[in-house]
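Peer 1: In case you want the letters, here they are:
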Amino acid sequence: MYDKKYIRNFCIVAHIDHGKSTLADRLLEATHTISKREMMDQVLDSMDLERERGITIKAQAVRMIYENVLKEKFIFNLIDTPGHVDFSYEVSRSLAACEGALLIVDAAQGIEAQTIANAYLAIDAGLHIIPVINKIDLPGARPEEVKREIEDILGLDGDNAILISAKTGENIDQVLERIAEEVPPPVGKPEEPLKALIFDSVYDPYRGVIAFVRIVEGKLRAGEKIKMMASGVRSQAEEVGVMAPVKTKLEWLSAGEVGYVVVGQKDIQGIRHGDTITLQTKGAEKPLPGYLEVKPMVFAGLYPIEGGDYTELRDSLEKLSLNDPAFVFEAESSKALGFGFRCGFLGMLHMDIIKERLEREYGQSLLITTPSVRYKVYKTDGEMIEVSNPADMPPVGNITHIEEPYVEASLIAPAEYIGSVMELCNTRRGIFKKIDYLQKTRAQIVFELPLAEILLDFFNALKASTKGYASFDYEPLPYKEGKLVKLDIMISGEVVDALSSIVAKDNAYNRGRGLVEELKEVIPRQMFEVAIQAAIGSKIIARESVKAKRKDVIAKCYGGDITRKRKLLEKQKEGKKRMKRLGKVDVPQEAFLAILRIKGA
Amino acid sequence: MHSIYVHIPFCNRKCPYCDFASYKMEPDWQKYLELLLEEINLTDRRLTDPLDTVYFGGGTPSLLPVEFYFNILNKLTHETSYADNAEITIEANPGTMDKKWLAEASNAGINRLSIGVQSLHDTELQTLGRNHDSLISRQAIQEAQENGFKNISLDLIFGIPGQTIDSWRQTLSMAVDNKPDHISLYPLTISKDCSWDYEKNGHLPDEDLVADMYDAAFDILEGAGLWQYEISNFARPGYESRHNLNYWYGGNYVGLGVSAHSKIENTRYWNTMNLRDYEQSLKENLSPIKDSEQLGAELMLAEKLILNLRLNRGIDLDEFKAGIDSYSLVDYDTKFKDLADMGLININNDNISLTKRARFIANEVFVRLLPDQIESGKLL
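Which chain is which? The protein sequence lines are A and B, in order.
So for the first sequence, the working numbering puts the first residue at 328; every next one is plus one.
So for the second sequence, the working numbering puts the first residue at 188; every next one is plus one.
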């Protein structure tokens with residue numbers, strides 16, 4: 328039995344690398360949840376990938392027991408949240424499971440774009456926020472200034488921010504005390520009909536889907552029949568419990584608690600983050616607020632590289648989607664690339680992560696086409712179709728107009744780089760909205776940008792033009808009309824569908840010219856001259872050609888040469904077999920991959 | 188008929204583009220002679236038919252005294268029989284032969300000289316790292332002609348950094364003015380085994396210029412009575428290199444000395460490239476053969492086609508077709524037709540040959556003629 332007045336549900340939010348995971352480690356250690364010897368650094372990051380990238384992707388919940396100086400025992404539920412802009416919906420659902428948030432700010436870097444984004448999310452969620460200034464052990468630390476930033480920029484209590492070093496463990500005990508003192512205990516009555524918020528899930532090959540829940544109202548016993556209110560899926564709570572830190576079975580979970588439910592389902596698609604679990608009999612009438620259907624924003628074609636197994640790839644994709652309801656895919660085919668899949672992702676980071684996980688799971692290299700967004704194409708016959716694969720674009724004569732997704736981007740940069748940031752956004756069809764000075768030396772610049780412009784290298788270009796100092800965050804906006812055209816690439820007169828893209832009309836010439844020039848460098852000389860053309864509809868806007876081959880001979884072939892030279896020919900023959908055919912042109916594997924990576928202007 | 192190749196691995200300096208087995212050293216020719224004689228005693232690679240050609244290649248064979256060659260030729264007389272008019276070739280570098288040497292060599296029975304001229308432009312010779320100039324080359328040719336040699340071949344290189352089509356034409360013109368009987372021309376090729384440094388020695392000219400140079404040679408050489416008979420070789424009628432023709436006909440040959448290669452029917456053998464290992468093996472009465480490969484029937488056939496197609500005369504298909512089963516026949520007929528459609532070979536009355544256009548891109552033909560599943564076994 329417990330008294331829920333001793334429960335504290337909280338999370339940690341921060342900009343990347345400000346020390347969220349290290350702080351989580353220290354809290355686990357300090358509460359003896361995990362002994363120092365058992366501690367694997369950043370234990371909540373259960374996948375290697377996340378550890379490599381220093382980012383958390385899967386949210387998990389851990390129960391710790393904290394005893395204060397008065398020997399009062401508290402149940403601390405630490406709900407880990409993804410911090411990246413691609414996953415803000417996931418963040419918001421995890422926040423909805425909490426009453427408090429530790430907001431970490433790096434003592435040297437100060438407030439950055441996602442500090443702000445996450446802080447606003449936490450404020451919007453009504454959480455009690457405890458500012459924590461981390462890395463005070465570093466020589467560049469300027470805690471007093473950062474306190475000011477917290478007051479001025481976020482309107483939070485900076486003066487009382489806890490100064491810590493998660494690395495050395497300094498003042499971690501203060502953090503624990505403040506959580507116990509300040510984070511409000513959960514409200515919610517166990518007698519009310521059950522409302523459990525799903526804020527995360529995981530697929531276990533033996534048990535099926537496991538949902539991580541916050542019981543908002545009511546009680547959930549193991550064995551009860553449950554239903555998911557938004558997805559409509561009906562099932563049974565096979566097991567309930569808490570992560571302390573490993574799965575610990577319980578008889579029931581009650582209002583105010585955080586734990587897990589083995590929902591007896593094999594299909595994770597039915598278990599949606601933000602959904603409400605209730606009982607089938609005497610269940611709640613209305614679900615919890617805030618549920619959104621997660622929509623993918625970025626799309627790319629995924630193909631096995633020559634010789635790769637299509638069915639194996641499909642199996643790997645299915646396995647991956649078991650653990651990631653936000654990842655969607657469907658079969659597609661391309662003349663140039665063969666059979667593959669069109670995949671949808673929350674954003675570029677999500678796409679990179681899926682690709683790496685997939686390559687690990689599938690064990691082979693993958694071909695990923697240039698990512699694109701989903702366009703709304705309005706046709707002359709009144710129909711509106713959504714197009715995420717440029718090859719599916721209807722002929723230009725049938726289109727009245729095209730709309731593309733926009734985002735509102737907030738870029739934070741030191742004052743001396745304001746010009747660079749403005750220039751970058753202007754070259755990406757940005758619409759300037761406003762500029763605020765966060766301090767005398769730092770500005771937040773807000774632009775509306777087409778999402779398509781952010782897909783190609785925006786982050787890297789931003790970092791490059793601001794010597795790494797700028798950061799950015801974005802939020803989706805409604806679709807806007809764009810002057811867009813389909814740019815085709817033809818090789819020896821045939822359109823190569825894998826190279827088609829949808830571009831802004833104003834950029835079409837530059838991009839076409841850029842592509843054609845890069846292709847000329849990469850396509851090897853053939854037995855005949857090869858014309859490379861960029862076209863919009865039937866209009867050729869750029870052209871290059873690759874001359875016919877004139878030298879490919881073994882000049883010396885005498886007694887001592889024959890074996891060696893024949894082996895060279897054999898190797899050449901093997902190479903020919905592995906060539907990819909693009910229309911009438913044979914292209915070696917590496918060149919083919921290079922072609923697909925060509926980013927253009 | 189069969190042929191013997193003897194390798195002389197000694198040079199005065201190592202040219203930066205060379206990937207042969209050659210050592211810059213003071214040649215202990217007596218020791219090497221002993222080793223070669225021992226190898227001749229030891230070898231079971233015997234061919235019973237008469238010896239048609241002997242070829243002394245290197246390295247720089249002309250660095251060794253004629254006594255060396257005399258002894259070898261003499262030994263071979265005891266081991267086998269010579270055909271009438273056997274062709275005995277020695278390779279030579281300009282500046283390493285004097286009149287005395289030439290006369291002695293000629294008297295010893297060496298009747299063909301292959302001189303490594305490479306270029307007749309001094310700047311190009313420097314780029315190539317050669318230790319002679321063009322004057323010395325021309326004098327060497329003249330002296331050879333005056334001292335008993337009636338069958339002289341020159342080696343020339345094109346596609347040298349800094350070379351132009353005009354300077355190449357000049358080299359060719361000057362070369363034919365000296366009335367050689369045979370010319371071999373090769374595009375400069377840098378393999379990873381040589382010491383060429385692109386920063387120091389230069390970058391090779393582009394593919395189109397090199398191809399233009401190849402094309403430009405024909406007028407000048409034909410004008411001087413030298414006719415192409417193989418991709419890289421031109422000769423006065425009757426002065427084709429019989430030793431090399433044996434390779435291209437797919438004939439048998441025995442190789443002696445460091446790095447030398449042999450072929451007996453469907454097996455190829457090759458000696459170690461290392462002088463010390465060569466010496467060591469023979470000291471212990473062991474064969475200096477380093478490795479070998481056994482060719483399956485399909486690969487033999489493909490090799491025969493590929494080697495013969497290097498010759499302008501191509502290959503007659505009746506004898507070729509007699510040796511294979513009907514399944515492979517269909518496969519080859521399809522390949523020949525495809526190649527003809529691509530303008531790469533001519534098919535005339537059961538003879539096939541490369542078209543003029545195909546010669547400098549011959550790999551496109553040869554690659555298609557290799558069997559689709561390649562297998563060749565190793566013997567050792």
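Simulated from the structure, these hints should not be mistaken for laboratory data.
Ideal placement from N, C-alpha and C gives every residue a C-beta, glycine not left out.
Treat the hints with care, as some may be off.
Mimicking DSS-like on lysine-lysine, the simulated pairs with C-alpha atoms at most 27 Å apart in a straight line are [unchecked claim]:
1. K331(A) / K576(A)
2. K287(B) / K883(A)
3. K900(A) / K201(B)
4. K211(B) / K883(A)
5. K878(A) / K847(A)
6. K387(B) / K366(B)
7. K894(A) / K379(B)
8. K262(B) / K892(A)
9. K898(A) / K379(B)
10. K903(A) / K876(A)
11. K286(B) / K201(B)
12. K874(A) / K907(A)
13. K491(B) / K876(A)
14. K524(B) / K876(A)
15. K907(A) / K201(B)
16. K706(A) / K866(A)
17. K883(A) / K907(A)
18. K609(A) / K662(A)
19. K866(A) / K760(A)
20. K892(A) / K287(B)
21. K286(B) / K878(A)
To be clear about the criterion: a stretch of chain B counts as covered by chain A if any three or more of its residues have a C-beta under 8 Å from a C-beta of chain A, and this derived list gives those stretches [to be verified]:
22. 265-276
23. 281-295
24. 393-407
25. 430-443
A few chain A residues facing chain B, derived, Cβ under 7 Å [as the list claims (entries may be wrong)]:
26. K876
27. L896
28. K898
Peer 1: Out of the numbered hints, which ones does the structure contradict?
Peer 2: Violated hints: 2, 3, 6, 8, 15, 17, 18, 19, 20, 21, 22, 23 and 28; rest satisfied.
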